[in-house]
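Chain A is already provided as a structure; the job is to place chains B, C and D on it using the hints.
4 protein chains.
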Amino acid sequence: MKVVELRARTGIESLVACERPLPQPGPGEILVRIKAATLNYRDLAIARGSYGSFALPIVPLSDACGEVSALGEGVARFAVGDAVCPLYVMDWMSGPPQADVVARRLGGPQDGVLAQYVCVPARSAVRAPRHMSALEAATLPIAGVTAWQALFVQGRVTPGDVVVVQGTGGVSMFALQLARAAGASVIATSASQDKAQRARALGAREVIDYRAHPDWQRRVMELTDGRGADHVIDVVGGANVARSIGAVRIGGTVSLIGFLDDTRGVIDLPEAFRRVVTLNCISVGSRAAFEALIAATEASELRPVVGRVFGFDEVHAAYEHLAAGAHFGKVAIAFE
Amino acid sequence: MKVVELRARTGIESLVACERPLPQPGPGEILVRIKAATLNYRDLAIARGSYGSFALPIVPLSDACGEVSALGEGVARFAVGDAVCPLYVMDWMSGPPQADVVARRLGGPQDGVLAQYVCVPARSAVRAPRHMSALEAATLPIAGVTAWQALFVQGRVTPGDVVVVQGTGGVSMFALQLARAAGASVIATSASQDKAQRARALGAREVIDYRAHPDWQRRVMELTDGRGADHVIDVVGGANVARSIGAVRIGGTVSLIGFLDDTRGVIDLPEAFRRVVTLNCISVGSRAAFEALIAATEASELRPVVGRVFGFDEVHAAYEHLAAGAHFGKVAIAFE
Amino acid sequence: MKVVELRARTGIESLVACERPLPQPGPGEILVRIKAATLNYRDLAIARGSYGSFALPIVPLSDACGEVSALGEGVARFAVGDAVCPLYVMDWMSGPPQADVVARRLGGPQDGVLAQYVCVPARSAVRAPRHMSALEAATLPIAGVTAWQALFVQGRVTPGDVVVVQGTGGVSMFALQLARAAGASVIATSASQDKAQRARALGAREVIDYRAHPDWQRRVMELTDGRGADHVIDVVGGANVARSIGAVRIGGTVSLIGFLDDTRGVIDLPEAFRRVVTLNCISVGSRAAFEALIAATEASELRPVVGRVFGFDEVHAAYEHLAAGAHFGKVAIAFE
Amino acid sequence: MKVVELRARTGIESLVACERPLPQPGPGEILVRIKAATLNYRDLAIARGSYGSFALPIVPLSDACGEVSALGEGVARFAVGDAVCPLYVMDWMSGPPQADVVARRLGGPQDGVLAQYVCVPARSAVRAPRHMSALEAATLPIAGVTAWQALFVQGRVTPGDVVVVQGTGGVSMFALQLARAAGASVIATSASQDKAQRARALGAREVIDYRAHPDWQRRVMELTDGRGADHVIDVVGGANVARSIGAVRIGGTVSLIGFLDDTRGVIDLPEAFRRVVTLNCISVGSRAAFEALIAATEASELRPVVGRVFGFDEVHAAYEHLAAGAHFGKVAIAFE
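Sequences listed follow chains A, B, C and D, in order.
For the first sequence, the residue numbers in our numbering are 196 to 531.
For the second sequence, the residue numbers in our numbering are 196 to 531.
For the third sequence, the residue numbers in our numbering are 196 to 531.
For the fourth sequence, the residue numbers in our numbering are 196 to 531.
Simulated from the structure, these hints should not be mistaken for lab results.
A virtual CB, placed ideally from N, CA and C, is assigned to each residue, including glycine.
Hints may contain errors.
[As the list claims (entries may be wrong)] Partial chain C-side listing against chain A, Cβ under 7 Å, derived: (1) Ile253; (2) Ser289; (3) Gly290.
Only chain A is shown next, with the shape it has when bound in the complex:
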């Protein structure tokens, strides 16, 4: 079968297409024929050597959707032909994270999904939403689950809440759509008029141009009559964390999810105390969170935002498109 291997940590050119033998599902495992995969910043950082130190070569990518093509001994959870998504954090079934369940991860240290077939334990996969294409479902395992975890597991967004999302990447667009599905109002930030328009089309009540308003948190305070947002999803890091705190109400929540700008996050402590903020660091979620997300997408017929789609032989171009930062929604790879 065809796979792509990451053979060095020197950049996108370290990704090499090659052949590997078709794997066989062991007891309790399923063999999945991959139909679509999507990229995350993690994948780019691993290729560039700025994240992780896994043994190489490794098959990259964590997010995919495929079809069950064979069952290992004793598997009752799925049938051949089922559309499934493998779990990124393979052993995290439910509840809060614990040391012994967060170690095994698809796309590093475990081999990932940029392969025609992968074997995973049946318990490390979920049924894909009925109303989604394979490309759409392939956006869920990291970006969708992370947004869900932030809003509804570690956070507690309810109807009428005001939620702030930053930029138009995968997690932010899921957070926008899921917050809307939960009856919340959403304020987005974007420096692009085109992306602002698309965020509005997805339900954002307001979009703040963060170039025109570098202290965008002040606009959030104005837009909320001086009260502040209930929940801010921070994907930027650095000094932006202090801005996110400056945008929430007393007793509000900031979910820390990314570090596009800076791996350090900076807090203005007196301001944080004045607002009695809770800062939740988010790192994906459990299978139970994934299943709740799927139920939510089915109930609201939510369709994820798939950005540009590349072919299996266009992997380098896909990575470069993500690296350029011009995408809206998820960058995807279709397998056929």
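Same frame as chain A, but now just chains B, C and D:
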């Protein structure tokens, strides 16, 4: 000014219209000109002598909306002309209930809102939703807040959840609308085809005829592929509590809210353990819960279900309409 | 190896000692040489045919402590010689219960621990507390974890809380000791002066004689200056549930754990609403809860209450001792 | 009566003793004869002009204990002679903080407790613990409540948890004692051998010398077998926040409480994500939290650590003692 007094606990005929002097707002108080009020079963039970033992006479009713017509000394929270709803539990500002904040209640032991004017502490009132009429806003203080408390404060409904509501009374219809606003699916129960039709119009996915299916919990299991609902709102009591428990999933929640059938609730313990159910007894909510409810109704433009509307001189007829049990949504009294 | 089988559901005499071949640990499994086991009411109910409908014969008992005597392929979690307790609910690792993790249970439907050796998945066992004997550790899997789950996972007992425990069975004595370790005050109930004395020795502040005070909840109200307890652990069921509700403060919690008197639980709904009670149905807990319990017992050097100890060839007598209800703490079986 | 006024923001010398007329309790108020007060860093920062911008002159200090000497109209909550502590955040009764309840604070913007008599609303005071002297009870309103809020309201410490406290100031010593009362193990940090000794005497399992181990978080990892602490109380700010995050387990909690070093807090985001940390900003707590704290201190007979005690005419010396940072426990002022 015109008021109605309950002068005995012998039934609806104990309600007597009379005159009282116009009250003056003391320091920190507001004078509210009542424009609309709504009835709850509590009011009927008090009139019939089956609930409470308050000193008589008392002005009945807890739920109203009116206009601020005068401010006591030091009041900055409201301005004259503001549309407001007084709190039913006057001193419960936020957080879980505590003994010293749940004692004072409008409509017993404190004088209620069936009067042209009432004085309440400014902190014991909230601004009415901008998009609602006085009649609509008058449905909120008990029925709306109780549904909010069950679903989002003591419960934790998220998008994609399945919520079961019983009958078509005030709390149940609020629970239906609020669960829908939060992205949940709703299964309702009703023995009337007409009411079933109206529940569907409000967004119920399914309506179970509990006369045709006395063990309606089995239908819920079928409709959820054997999994069970995430949350059941029980307003019936008696043996129905065991049915509600039989309708939830493992780890699900039943909110106990009423006792239309029986003041006793019966649990089948082995079944309850098997499902690891949480049973939340609900008794309205705090001012913070009320304010969150208002934000939610504004964000989703939710309009409460006002049933039949009576005039101020038709109070006996309004109580009798509630007693007959044929209403859909809240029974209301318009003051002018 | 020697095992005991339950061959019918006609009572204690259906338990028959026999031989089975020594099991071999498969991949990911451990072989445990059992050193001690303890009994739960569940075991008695299964033998009498009033609980479950498992395929027979079955090896009974759920709670044990033993020594790892061999490792299956790939096991890194334990070493040979480690003292371990198997999990009763074998697949419940952490978080709230879910349908697919609560099915497999030791002692029915899965074969239990009344055998010289048992094989379990390595992930379905925990290291025994360092300071406990095998007999003491064998009390933990159901009774200890259940008390932990009630007080600290589904409940939230903090220092200064008042906790009520009923009778002197295994769960109640763990609840007493764990509540004391958490800085709470404990009120116990017992009809035996001797047991009352022993409950006081374990730290109970007061013991109410429920024969002298059938409405023992009134004594709790007196002992708490009319405020009520923060948390009641109900192991009795029936009308006692209403008494438990009558013993808690406004906003308090009742954990429903057993049904010694009656499989039905009865609630006085108006009283339950007045107190805004939360009723948590408890059914053991996850491996994460078990590990937290173990850390707690080690930090406080808590030693479980082992009642009478029987030999492996005295199984019938052990069951009869439990059936007689005269025990204090757990009824145990020592294997050598 | 004698009071001290802060008449400028230029330092400790801006504190001036003078006379004011004895206040009279209005409706719902109590007159309290102050017997003891304690200092917080907030008081020092206000005197130095680095915190707040309140109208001057102001009576400083937030924390006191006194005796009710007169009751305003309608007060039933207390009797003359009761020992009470006024609330620092006067209107925060229970639940999470909200904008309209956190504005009024004793010691700025409201006049504080460095006066022979103060009037406060009866609902803005609590009964002092029965077993404490006035000096001891005067340590509770900020330092005690803050530690309680961190450990048991926004945090959730249970028996067997490992809690890290930093230094030997008021909040840290309360956190140490309360964590011990809850059955947790405590690791403290201190650069003074003498203070380390006293922390051990209060129950600390280990004390890390942060001068010898600037990366003290590594010692915490060693002391917890590589697992990390469950909860860290950070009172230092700056780069220490990253160290606190480096000291917790996966899924652990850091309470941010102070900024002795730096008003900015710095987070290493990849590390924070790896540990899925929750960061709770703490700013005192509600009256309900205060009452729970009092119940806990009574149940465990916890006695606060009172450091050096100054007379009413030694206020400047008391502030200078706090400024020198050599104290252990709370710096106090006795009024007679």
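To see whether the hints hold, each was checked on the structure:
1. Ile253: 21 Å, violated
2. Ser289: 4 Å, holds
3. Gly290: 2 Å, holds
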